[in-house]
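S.K.: Each chain is listed here by its residues.
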Amino acid sequence: MSTDGLIQEAKEGINTNGHTIDHAHAVEINQEKILRALESDDVRAHFDDALENQLVLNMGPQHPATHGVLQLIVSLDGETVVSTVPVLGYLHRGYEKLAENMTFHEFIPHTDRLDYLAPLANNVTYILAVEKLLKIEATPRAQYIRTICCEIARIASHCVWLGTMAMDVGALTVFLWSFREREKILDILDILTGVRFTTTYTRVGGLALDMSDECIARLKVFLDQFIGKLEECRNLIERNKIFVDRCEGVGYISPEDAISIGLTGPNLRAAGIERDLRIDDPYLVYKELDFDIPTFTESDVLARYYVRIKEFYESVKILRQCLQKLPKGPINTPDAKQVLPDKGEVYTKMEELINDFMIINFGNEPEKGAEAYQAVESPKGELGFYIISDGKGYPFRLKIRSPSFTNLGALPIMMKGCMISDIVAIIGSVDPVMGEADK
Amino acid sequence: MTEISSQIKEKLTQASAFSGIVFAEINNFPVIEVPEEKLLEIAKILRDEFNFDQLRDVVGVDRFTKNDRFECIYNLYSTITLERLFVKVKLDSKKPEVDSMYPVWQSADWAEREAYDMYGINFLNHPDLRRMYMMEEYEYYPLRKDYPLMGLPGAVQLPKK
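As they're listed, the protein sequences go chains A and B.
Under numbering that gives the first Met the number 0, the first residue of the first sequence is numbered 0, with each subsequent residue one higher.
Under numbering that gives the first Met the number 0, the first residue of the second sequence is numbered 0, with each subsequent residue one higher.
Mixed in with the good hints, there may be bad ones.
What the hints assert, rightly or not - Computed, partial: chain B to chain A, Cβ under 10 angstroms:
#1 S18
#2 I20
#3 V21
#4 F22
#5 I25
#6 F28
#7 E32
#8 E35
#9 E36
#10 R55
#11 L81
#12 S106
#13 W109
#14 M133
To be verified - Computed beta-carbon distance windows for the label pairs:
#15 B:A16 x A:G343: 30 to 38 angstroms
#16 B:K144 x A:F356: 23 to 31 angstroms
#17 A:I226 x B:I79: 45 to 53 angstroms
#18 A:V55 x B:G150: 18 to 26 angstroms
#19 A:E297 x B:A16: 32 to 40 angstroms
#20 B:A16 x A:L171: 51 to 59 angstroms
#21 A:T347 x B:K93: 51 to 59 angstroms
#22 B:K65 x A:G271: 34 to 42 angstroms
#23 A:S211 x B:L123: 55 to 63 angstroms
#24 B:E32 x A:I215: 42 to 50 angstroms
#25 B:K93 x A:R319: 55 to 63 angstroms
Said to hold, decoys possible - Computed list of lysine to aspartate or glutamate pairs in EDC-like fashion (alpha-carbon distance at most 20 angstroms, straight line):
#26 A:K32 x B:D127
#27 B:K8 x A:D280
#28 A:K219 x A:E182
#29 A:K391 x B:E138
#30 A:K367 x B:E135
#31 B:K43 x A:D256
#32 B:K144 x A:D389
#33 A:K32 x B:D67
#34 B:K65 x A:D389
#35 A:K32 x B:E136
#36 B:K89 x A:D189
#37 A:K415 x B:D67
#38 B:K144 x A:D280
#39 A:K367 x B:D127
#40 A:K32 x B:E135
Derived from the structure by calculation, the hints contain no laboratory data.
Here the structure is a predicted model, which is why all the values come from computation and not from measurement.
Yeah, the Cβ is synthetic: ideal placement off N, Cα and C, and Gly gets one too.
Generate the whole structure from the sequences, applying the supplied hints.
M.R.: Structure follows, in structure tokens:
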């Protein structure tokens, strides 16, 4: 059958629920819907002395302050924001559909591209979900290295956030200095994983590479100087009147709204709700570590700034403890049917070659009907993977619960009644990554 | 069943609304299966009486079976008791429809728009049911199992030169 025939068949087979589309007017209809959403009472601010002319402004998706391809349709009254409608989907790559058509191992590189500022955290979360599905557990050393990965990812991600957020409100030097720190982390990742950015570090039941002594030494050197460098950045902005004035009292969201809209991570903790999955539902080795959850109650841009700044210190604390406690031993679970064998053995031994072939070609096969959910406190909030299996080597359904997506949903509430120049400060404080929000 | 989920089960079964509801478990998390028409009522009880104050996600599933093809899984979390609960609802194959959870949790707004975009599940009384990721003029629901991985050429109308 020709391709055209196949396409025709597929088109007929797909049930569209009698949902017919008027192609000629689709764009206009969409615009009308967005305007109606702008008028909705839930997101609208009310004024006594409203100017008569109301303006609808389109911000993004190609605006440098929107941290990627986020589009905001803003209804303005003079310079005051009346209501906002965020439009997502400009970076939608359909990862959930792709995941249904590849083995569990093949999807690991794609998780790098979700939250591309903290790829290690995504690798770890995804693999924890898969291991839950397959009912295997990593060795203690692998667990410790994964914890280290999560915290390195948090520092790297917060470095980018610190720089870009300060740049959004007009302080360019912090951007250069925090990126310099991130560069050092990327160099450590180079030694740890073999690449600087798209790490693809975890494997089912273990890790791709062991952590070398050189890497540990480099990490210790980094940790020793990091806090000093961070203090330098803080000195530049924290007592700067422009920075404080632009952040204080801006982008308020009440704790009730923050819970109802589903905020997680630093944004929720800035609203005074002390919830962190590392303590509430401990995964990996967080039970054995000692650290605090920084919480602020002001729930504005400045509070979100301070929560993340304090998290730097906690991450350094956690990393120091991990390096101290790091046990010796194998990094891969001895489960030949599920865990990829060492490459050197694949080339020299028959048994390992067969196992490698089976895992690479047919994938890891969980129980039929098995379901698993694993959530992790990623730098942005709760990152979760919900996997449903039908007993084959491919996931039947893989749902990514991305923190940026739900956090962006709070923008209309935070921006209600703010000035147009506050918009960039609020977006910066929410710390969205569009790769994750759009999947 | 683990200790935590049996505790939640014990707690929930004391409420009369939960009689006849199936309890299960997916690795340590309790799951309840709720009939479609009772969902809104049970959601309100879960929020008000059992402190499930956050709806963290809505997972749409296409089981690709003849009956009860679609499914919605609500991922609930309590910031007070730190419990997590999954609520499953099976939906009709021909016309998947279910009440919107927006009156109970605000986060349902975007999460349900995503499920609508990807599976065509119609959420009744949703305030602003637009597509989340795909363009509004797109006719298909890409995460349905019968939608081909390569996409459908010609499904997106490009502007004429």
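S.K.: Given the hinted pair A:K32 and B:D127, is their Cα-Cα distance within 20 angstroms?
M.R.: The hint holds at about 8 angstroms.
S.K.: Measuring from beta carbon to beta carbon, are B:K93 and A:R319 in 55 to 63 angstroms?
M.R.: Once the Cβ atoms are compared, 59 angstroms apart, the range 55 to 63 angstroms for A:R319 and B:K93 holds.
S.K.: Between B:K144 and A:F356, does the beta-carbon spacing fit 23 to 31 angstroms?
M.R.: holds, 29 angstroms
S.K.: Taken at face value, is the distance from the CA of B:D67 to the CA of A:K32 at most 20 angstroms?
M.R.: Roughly 31 angstroms between the alpha carbons, so the hint for A:K32 and B:D67 is violated.
S.K.: Run the distance test for B:K65 versus A:D389: straight-line Cα separation, threshold 20 angstroms.
M.R.: holds, 16 angstroms
S.K.: When the nearest CB of chain A is found for B:L81, is that gap smaller than 10 angstroms?
M.R.: holds, 5 angstroms
S.K.: State, for the Cβ atoms of B:A16 and A:L171, whether the hinted interval 51 to 59 angstroms holds or is violated.
M.R.: holds, 57 angstroms
S.K.: Once the shortest beta carbon distance from B:I20 to chain A is found, is it less than 10 angstroms?
M.R.: violated, 18 angstroms
S.K.: For the hint on B:W109, just tell me whether its beta-carbon gets within less than 10 angstroms of chain A.
M.R.: holds, 5 angstroms
S.K.: Between the beta carbons of A:E297 and B:A16, is the distance compatible with 32 to 40 angstroms?
M.R.: holds, 39 angstroms
S.K.: CA of A:K32 to CA of B:E136, is that 20 angstroms or under?
M.R.: holds, 13 angstroms
S.K.: Given B:S106 as an interface hint, is its Cβ closer than 10 angstroms to any Cβ of chain A?
M.R.: This interface hint holds because 3 angstroms falls under the 10 angstroms limit.
The structure fails to meet hints 1, 2, 3, 4, 7, 8, 9, 15, 17, 18, 22, 29, 30, 33, 36, 37, 38 and 39 from the earlier list, while all remaining hints are met.
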